[in-house]
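Engineer: Using the hints, position chain H against chain Z.
Protein chains in written order, with the numbering used here: chain Z, 116 to 500; chain H, 6 to 263.
One or more of the hints may lead you astray.
[Said to hold, decoys possible] Below, simulated DSSO-like cross-link-like pairs (lysine-lysine); rule was C-alpha separation at most 30 Å, straight line:
#: 1; chain 1: H; residue 1: K143; chain 2: H; residue 2: K15
#: 2; chain 1: H; residue 1: K176; chain 2: Z; residue 2: K398
#: 3; chain 1: H; residue 1: K222; chain 2: Z; residue 2: K398
#: 4; chain 1: H; residue 1: K88; chain 2: Z; residue 2: K151
#: 5; chain 1: H; residue 1: K176; chain 2: H; residue 2: K194
#: 6; chain 1: H; residue 1: K249; chain 2: Z; residue 2: K398
[Stated by the list, open to error] Distance windows between CB atoms, simulated:
#: 7; chain 1: H; residue 1: L22; chain 2: Z; residue 2: N192; range: 57 to 63 Å
#: 8; chain 1: H; residue 1: G253; chain 2: Z; residue 2: G395; range: 42 to 48 Å
#: 9; chain 1: H; residue 1: D44; chain 2: Z; residue 2: P401; range: 56 to 62 Å
#: 10; chain 1: Z; residue 1: P272; chain 2: H; residue 2: P190; range: 55 to 61 Å
Keep in mind that the hints were calculated from the coordinates and are not lab data.
Glycine included, C-beta positions come from ideal geometry on N, C-alpha and C.
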Amino acid sequence: MLNKALSGSKGYWSWVVFLLILIGLGFACYLWQLNKGLTITGMSRDVSWGLYIGQFTFLVGVAASAVMVVLPYYLHNVKVFGKITVLGEFLAVSAIIMCMLFIFVDLGKPMRILNMILYPTPNSIMFWDMVVLSGYLLLNIVIGWKVLECEHQSVTPPHWTKILTYISIPWAVSIHTVTAFLYAGLPGRHYWLTAIMAARFLASAFASGPALLILLSYIVRRFSKFDPGKEAIQKLAAIVTYAMIVSVFFVGLEFFTAFYSRAPEHGMYTLQYLFAGLDGYSKLVPLMWLFAVLAVVALILLINPKTRSNDSGLKIACVATFVSLWIEKGLGLVVGGFIPNPFERVTEYAPTVPEVLITLGVWAVGFLLLTILYKIAVSVKEETA
Amino acid sequence: MEISRRHFLKIGGICVLGLVAQPLVKAFAQSDVSKASRDPKALTGKKWGLVFDATKCKYSEGCRECILSCHRTHNVPAIDDKKEEIKWIWAEPYENAFPGQGHEYIAAEIKEKPFIVLCNHCTDPPCVRVCPTKATFKREDGIVMMDYHRCIGCRFCMAACPYGARSFNFKDPRPFIKEENKEYPTREKGVVEKCNFCVERLDAGLMPACVEACPHKALFFGDLEEPGSDVSKILRSHYTIQRKPELGTRPNVYYIIV
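Next comes chain Z alone, as it looks inside the complex (with noise of 0.2 Å):
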């Protein structure tokens, strides 16, 4: 099956390209962070995490794409979701994959990343959460290639790929609690220290991966003879509306903890410093009222039953949910649980342009790997069709 990503029309080509372009910048900025080390970055002894690990964090997110067409399908038995499973775990796989290397990237001493295979510690989430990532990886691209051979073979799946799918349906539940669980057990960091972490992950996952599979199935629609069926999307956008709604839910429950208890241990000072300014510092302040006013004009659009059955309000409602959530939590999320320090000093981030052109070279290797899978099974499914 793999020869069919290696014909395609010239815009194929060309995107494929465009994203090799992107890999080749991002791969020459890494080899300059390499040789002289996490100080071309804009982290600090005080903001340790920054743009790395805040897409790592927004991305397993997006890994959610699969168990929210796989458990419809699976459980509920929504026809519909049928054509786009593959989609949905094809996505998942990309995801993933951008995931470990954002991870990769964001390490001192890279070479030394089998320490923790040789060294297993299970006191470490972080150990944990390899281990789920990695499991949820195989599941999603086994399960996606065989399905989509036998289709191309015409022949029925064999047992084990329905097994291994209800197996990845809860494995998928554990990728965003263990991703969540990294920052809720930390006893400094108030802003991250909140039981409601967890159910946050879930519920800004299952918005932003089904929102993410749905402008992908436009562009699907858009530039192959396969049509992911207009039910399957009205299904997706019926579950975007709701993980949104609870995602706003969830953070607004944030803001009253903090703000009613007053008590400065539930992250006061980090709303504060995220959404007004704190000491005079306020780096973050237009780009969390982006977020907020993005997740307003995505509700407005996914609750309203017009324009959510529009494709051109859907869209734009897709859109916003996505960019939406990437500032929160890709952004507002990490970085905030680090303002104010452990001296209750502001330190603020900014990434630099080397960090931001490594960022956009894995969001680039991540959609390359993505165009050729979907490459792939859209030219069976227009085969099969």
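Structural biologist: This is chain H only, laid out in the frame that chain Z set:
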């Protein structure tokens, strides 16, 4: 290639022998003495702790002996950029060292009084809990130590430490070491570091560098589990506080405020 049954059994037997031999040698030939024998002069303790007496410290009058001595001993680079600086021991005003433990009417001289801060060598250290490679670990004598050769530079420990005690080598630290102490290793870029309670000096029978260097006897070091030690006596006879005790980390650095 043909393998006769006899040949197969021979090879199999040797393999089994090989597998059994190593544990057998370990079981019978291992002595009780650990491989690296300890210097008889070495200071030993059950739980090391440090007390800082703010009433004696002359930091506000310009004394920097503890900091200079520590950083010289451990090849801590002098990086001026606040964002990338490396520090094992330094001073913070009361209100920053003990956030939430002051109030708006507190005497100005206490509010701004400098307090020496360093790794607390917590009894229940979050940094050890989160490290994915055991590069940060706790010794039996309570010291939280780092293996710079195992650290992968993920900085999870920095996120976990509620005391800001950890520094990361964003760049190669060696050009920033003014005078290298050949007795102690330097670090590479990409690893985390922090105060080690001078394990290398304790092993040689010496007190930590900061304690030894303090000309005003403001720092005390000793075994908290030993009732006769200096630190135990001070803790029994003075009112002392810890940094952020509410977090349950049980720090082993104590402070005399007034």
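Engineer: None of the hints should be skipped; say for each whether it holds.
Structural biologist: How the hints compare with the structure:
Restraint check for H:K143 and H:K15: not satisfied, since their Cα atoms lie roughly 47 Å apart, outside the 30 Å limit. A C-alpha spacing of about 25 Å is found between H:K176 and Z:K398, which places the hinted pair at or below 30 Å, so the restraint holds. A threshold of 30 Å between alpha carbons decides the hint, and for H:K222 with Z:K398 the separation of about 44 Å lies outside it, so the pair is violated. For the hint linking H:K88 to Z:K151, the alpha-carbon distance of about 16 Å falls within 30 Å, and the restraint holds.
Distance restraint check for H:K176 and H:K194: the Cα-Cα separation of roughly 5 Å lies within the 30 Å cut-off, and the hinted pair is therefore satisfied. Taken as a hint, the H:K249 and Z:K398 pair is honoured in the structure, with Cα atoms around 29 Å apart against an allowance of 30 Å. The beta-carbon spacing between H:L22 and Z:N192, approximately 60 Å, falls within the hinted interval of 57 to 63 Å. Taking the beta carbon of each, H:G253 and Z:G395 are about 33 Å apart, not inside 42 to 48 Å as hinted.
For the hinted restraint 56 to 62 Å between H:D44 and Z:P401, the CB-CB distance of approximately 60 Å keeps it satisfied. Remark: the range hint 55 to 61 Å for Z:P272 to H:P190 is upheld by a beta-carbon distance near 57 Å.
Consistency with the previously given hints fails for numbers 1, 3, 8, ordered from lowest to highest.
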